[in-house]
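Chemist: Using the sequences and the hints, build the whole thing.
Number of protein chains: 2
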Amino acid sequence: MAVSSKKFQAPKGMRDFYPQDMAVRRYIENIWRTVSINHGFDEVDGPTFEHLDLYTHKSGPGIVSEIFQVFSGKDEAERAAVQRTAQAPFALRPEFTPTLARMVAAQADSLPKPIKWFAIPTMFRAERPQRGRLREHVQWNVDFIGVPSEGMFRAQADVAMLALMVAAFERFGLSARDVRVKLGDREAVRRRLKLEGRDQAALDDDLTLLDERPKLRPDEYRSRTRQLGWKDALVRLYDPETRLVVRLDDMSSLPDRERQDSEDQRKQAGSLLYEIDQAEIAEWCEFDSLIVRGLAYYTGLVFEAHEATGAHRAIAGGGRYDNLIESFGGPSLPACGFGMGDVVLGNILHDKGLLPEDVYMAPLRPHAFVVAADDQAAAQLPKIVADLRKQGFHVRHSYKTTRNVGKLLGEAGKSRACFAIILGKELAENKAVVKNLESGEQGDPIPLMALVEFLRAQSRRV
Amino acid sequence: MAVSSKKFQAPKGMRDFYPQDMAVRRYIENIWRTVSINHGFDEVDGPTFEHLDLYTHKSGPGIVSEIFQVFSGKDEAERAAVQRTAQAPFALRPEFTPTLARMVAAQADSLPKPIKWFAIPTMFRAERPQRGRLREHVQWNVDFIGVPSEGMFRAQADVAMLALMVAAFERFGLSARDVRVKLGDREAVRRRLKLEGRDQAALDDDLTLLDERPKLRPDEYRSRTRQLGWKDALVRLYDPETRLVVRLDDMSSLPDRERQDSEDQRKQAGSLLYEIDQAEIAEWCEFDSLIVRGLAYYTGLVFEAHEATGAHRAIAGGGRYDNLIESFGGPSLPACGFGMGDVVLGNILHDKGLLPEDVYMAPLRPHAFVVAADDQAAAQLPKIVADLRKQGFHVRHSYKTTRNVGKLLGEAGKSRACFAIILGKELAENKAVVKNLESGEQGDPIPLMALVEFLRAQSRRV
Numbered sequence: 001m002a003v004s005s006k007k008f009q010a011p012k013g014m015r016d017f018y019p020q021d022m023a024v025r026r027y028i029e030n031i032w033r034t035v036s037i038n039h040g041f042d043e044v045d046g047p048t049f050e051h052l053d054l055y056t057h058k059s060g061p062g063i064v065s066e067i068f069q070v071f072s073g074k075d076e077a078e079r080a081a082v083q084r085t086a087q088a089p090f091a092l093r094p095e096f097t098p099t100l101a102r103m104v105a106a107q108a109d110s111l112p113k114p115i116k117w118f119a120i121p122t123m124f125r126a127e128r129p130q131r132g133r134l135r136e137h138v139q140w141n142v143d144f145i146g147v148p149s150e151g152m153f154r155a156q157a158d159v160a161m162l163a164l165m166v167a168a169f170e171r172f173g174l175s176a177r178d179v180r181v182k183l184g185d186r187e188a189v190r191r192r193l194k195l196e197g198r199d200q201a202a203l204d205d206d207l208t209l210l211d212e213r214p215k216l217r218p219d220e221y222r223s224r225t226r227q228l229g230w231k232d233a234l235v236r237l238y239d240p241e242t243r244l245v246v247r248l249d250d251m252s253s254l255p256d257r258e259r260q261d262s263e264d265q266r267k268q269a270g271s272l273l274y275e276i277d278q279a280e281i282a283e284w285c286e287f288d289s290l291i292v293r294g295l296a297y298y299t300g301l302v303f304e305a306h307e308a309t310g311a312h313r314a315i316a317g318g319g320r321y322d323n324l325i326e327s328f329g330g331p332s333l334p335a336c337g338f339g340m341g342d343v344v345l346g347n348i349l350h351d352k353g354l355l356p357e358d359v360y361m362a363p364l365r366p367h368a369f370v371v372a373a374d375d376q377a378a379a380q381l382p383k384i385v386a387d388l389r390k391q392g393f394h395v396r397h398s399y400k401t402t403r404n405v406g407k408l409l410g411e412a413g414k415s416r417a418c419f420a421i422i423l424g425k426e427l428a429e430n431k432a433v434v435k436n437l438e439s440g441e442q443g444d445p446i447p448l449m450a451l452v453e454f455l456r457a458q459s460r461r462v
Numbered sequence: 001m002a003v004s005s006k007k008f009q010a011p012k013g014m015r016d017f018y019p020q021d022m023a024v025r026r027y028i029e030n031i032w033r034t035v036s037i038n039h040g041f042d043e044v045d046g047p048t049f050e051h052l053d054l055y056t057h058k059s060g061p062g063i064v065s066e067i068f069q070v071f072s073g074k075d076e077a078e079r080a081a082v083q084r085t086a087q088a089p090f091a092l093r094p095e096f097t098p099t100l101a102r103m104v105a106a107q108a109d110s111l112p113k114p115i116k117w118f119a120i121p122t123m124f125r126a127e128r129p130q131r132g133r134l135r136e137h138v139q140w141n142v143d144f145i146g147v148p149s150e151g152m153f154r155a156q157a158d159v160a161m162l163a164l165m166v167a168a169f170e171r172f173g174l175s176a177r178d179v180r181v182k183l184g185d186r187e188a189v190r191r192r193l194k195l196e197g198r199d200q201a202a203l204d205d206d207l208t209l210l211d212e213r214p215k216l217r218p219d220e221y222r223s224r225t226r227q228l229g230w231k232d233a234l235v236r237l238y239d240p241e242t243r244l245v246v247r248l249d250d251m252s253s254l255p256d257r258e259r260q261d262s263e264d265q266r267k268q269a270g271s272l273l274y275e276i277d278q279a280e281i282a283e284w285c286e287f288d289s290l291i292v293r294g295l296a297y298y299t300g301l302v303f304e305a306h307e308a309t310g311a312h313r314a315i316a317g318g319g320r321y322d323n324l325i326e327s328f329g330g331p332s333l334p335a336c337g338f339g340m341g342d343v344v345l346g347n348i349l350h351d352k353g354l355l356p357e358d359v360y361m362a363p364l365r366p367h368a369f370v371v372a373a374d375d376q377a378a379a380q381l382p383k384i385v386a387d388l389r390k391q392g393f394h395v396r397h398s399y400k401t402t403r404n405v406g407k408l409l410g411e412a413g414k415s416r417a418c419f420a421i422i423l424g425k426e427l428a429e430n431k432a433v434v435k436n437l438e439s440g441e442q443g444d445p446i447p448l449m450a451l452v453e454f455l456r457a458q459s460r461r462v
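Sequences listed follow chains A and B, in order. Under the numbering used here, think of the first position of the first sequence as 1, with each following residue one higher. Under the numbering used here, think of the first position of the second sequence as 1, with each following residue one higher.
No lab work stands behind these hints, which were simulated from the structure alone. The structure presented is a predicted model; accordingly, all values stated were derived computationally and were not measured. One or more hints might be untrue.
No copy is singled out in the list; a pair is fine if it fits within one copy or between any two copies.
Cross-link-like lysine-lysine pairs, in silico, DSS-like; alpha carbons within 25 Å at most [as the list claims (entries may be wrong)]:
| # | residue 1 | residue 2 |
| --- | --- | --- |
| 1 | Lys113 | Lys407 |
| 2 | Lys383 | Lys113 |
| 3 | Lys400 | Lys267 |
Modeler: What follows is the structure in structure tokens.
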């Protein structure tokens, strides 16, 4: 080979997934996928990069400086345009929602309603990497599109989102003590701000400040409220220490009148509280007046999931966006959805000890590790291994030249195989010795013909 | 919402995966993953984009015009450099091997050997899209690194690649009549070309021509051989009509002497023919003197899988590359590997009728579709659905307001659910009617308490 030797690094903020890392990633993705399917969602995906204007259309021109841009090295016109403008025609997807809106709009007439979709794509952000925030991450996206925006189904769709999110948390071993699902209502906050005398024109800036509040130091926050001209009463209303937070399984902190309203709601099918009770997720949920989400396209309920101690960034966020599909050229279809990334979730699971190796490695355990005790057995090993694999078993074997069975069994143990199949002198009678690597048990030699039946019966129990 | 309505398209040559498309993609990926794991390979992945020079290091500067380039819209220095040079610092991965080599080199000391890895990433090519060739596709990559480059294990590693590929074909329902695994030996062809009087310096060009031969018209091929100065005997030797192709399960076309050598090989553990026989894949394989692969880094056996009629591009290709890891700054580790994309494979499966809906939709069938026959039942439905989902079942229900059970059962049928659970007047006795949607059978109402047991017992048979 003509090239010289050179060592390379992964780009900053991008991950290499070695087998253990990949096992964790697949473990997380599989739980996302399983609960999504069980809850009646269909999986979709789109291109890894899209036309840049798909994102500026939704988020404005400011997004251009927050994303990775893409151009073809083959296309002279594209290269010339990039050179002229420092802007490329494509962008690596920073989020899935614009792709989803584009796909729904393109086939809105033929798609059966409601549209319940999930996706598990990778996303990209041109930001300085930090804890909980990388340049490439995997994100679970769920969207529920085209249920009536009024009546019973509206709340059922909203709660379907929350219930799905909670179902995933439960599968990961998290409890309502570990994670809080915080609900807010952008419209309700807008109404409240108007009641407090704020101008219609100032509301977007007010909401942006509320959304950014958790990331600000107290003095930064106060200085921003002064810039916006907030009165003291308003500052106190949304003070992070004293603001209203109401656990949905304990509404005793509410004033009498509101408590009565809430109790009435709980009895009324189609109300948010009723549906939350029916879905058995009330203990996870709380109203929090600081939850408004940063994006202007939300039109109703918004929500975020947070680790309870507040030591991490938000785990997930979403809400209702009834006008988005229409803005991408589709019909008017009410919708709600959320996204959850793998980085913050993975950090939390790790910190809480919920990612032990035997959990995420379980689907990857070999059924059997085959070892050869002599040269004759070594020559027959490939065919026996091939036959077991054809039967659907995960089978490994040694690539060492030693015939030291003890050493080979050590290697079998390291592979986490359930059984070792030892090929030795019993092969002359078409038999093999099988050792249970968990119990250490080793029975009489088993006829090769019966190996499949034996492993099949055992693997149900594994 | 402030933005106006606008319709968008996916970028040319990129795919939208609607639920049916995604089910097919997952079906293909799952078979790749299952056979890889059963054959003892561990899954890995790397970043979607890498430093551009990772690819120029392996393939030379020409690759720059064949890939999609990436830069951060946030980084002023990057944008300025792109503007100056029309070249970006990163590239969307056109192949996985450089990432793999980088990852192995980085942890070569601590990784247990041999390294048996597979990956199922998406790849990107800045080319004009055409049948069988898109700008983004999913590619199965398998690599076997660090077995001795001599002796028994060398051939075992080569054959492990072929056997894994064949195992996937078998799972997809393809037979040795549908697909041919064609073996070549770059070194053997080089030796032969020298025997025919070719200069050492001309060999790379000769091999490139042989690799491109299947895509050339006969007159183009002849004109290229003239340019290279090939003698008539050499042109005839590699003529696509008359060249040597030997099926490994039928070597009768070989001259006596070579047939004898081959028969000796078949008896000798560690020879390619012996290991191919042991893996029971001889009927799939043939030697083909035109198989040399386009890439200069192959150092021994090379192979391609082709649909038997030749109507499609190659399904897969790979070979031995004993020097690659070292060239990426790692130790000297012999290696072999292959890649298989989802596009050509998907076309072939589709053309041969091997992608019926009931096959790829099977894992996505709901266990139950719950319908409510009256308003009281409709109010109880969410909780019953939530409870069944908590037990791990895939449960769907109607979002229609009709109480016309016939219509709702029609919807249940369309969902492909195994059972319909009908909530009606029997709810007063905490019972529900269960209808088998395949047989049409409908037994006595079942207590709600027994629903889980019933579905669990049935879903084993589904």
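Chemist: Does the structure break any of the earlier hints, and which numbers would those be?
Modeler: Nothing - there is no hint that the structure violates, so all of them hold.
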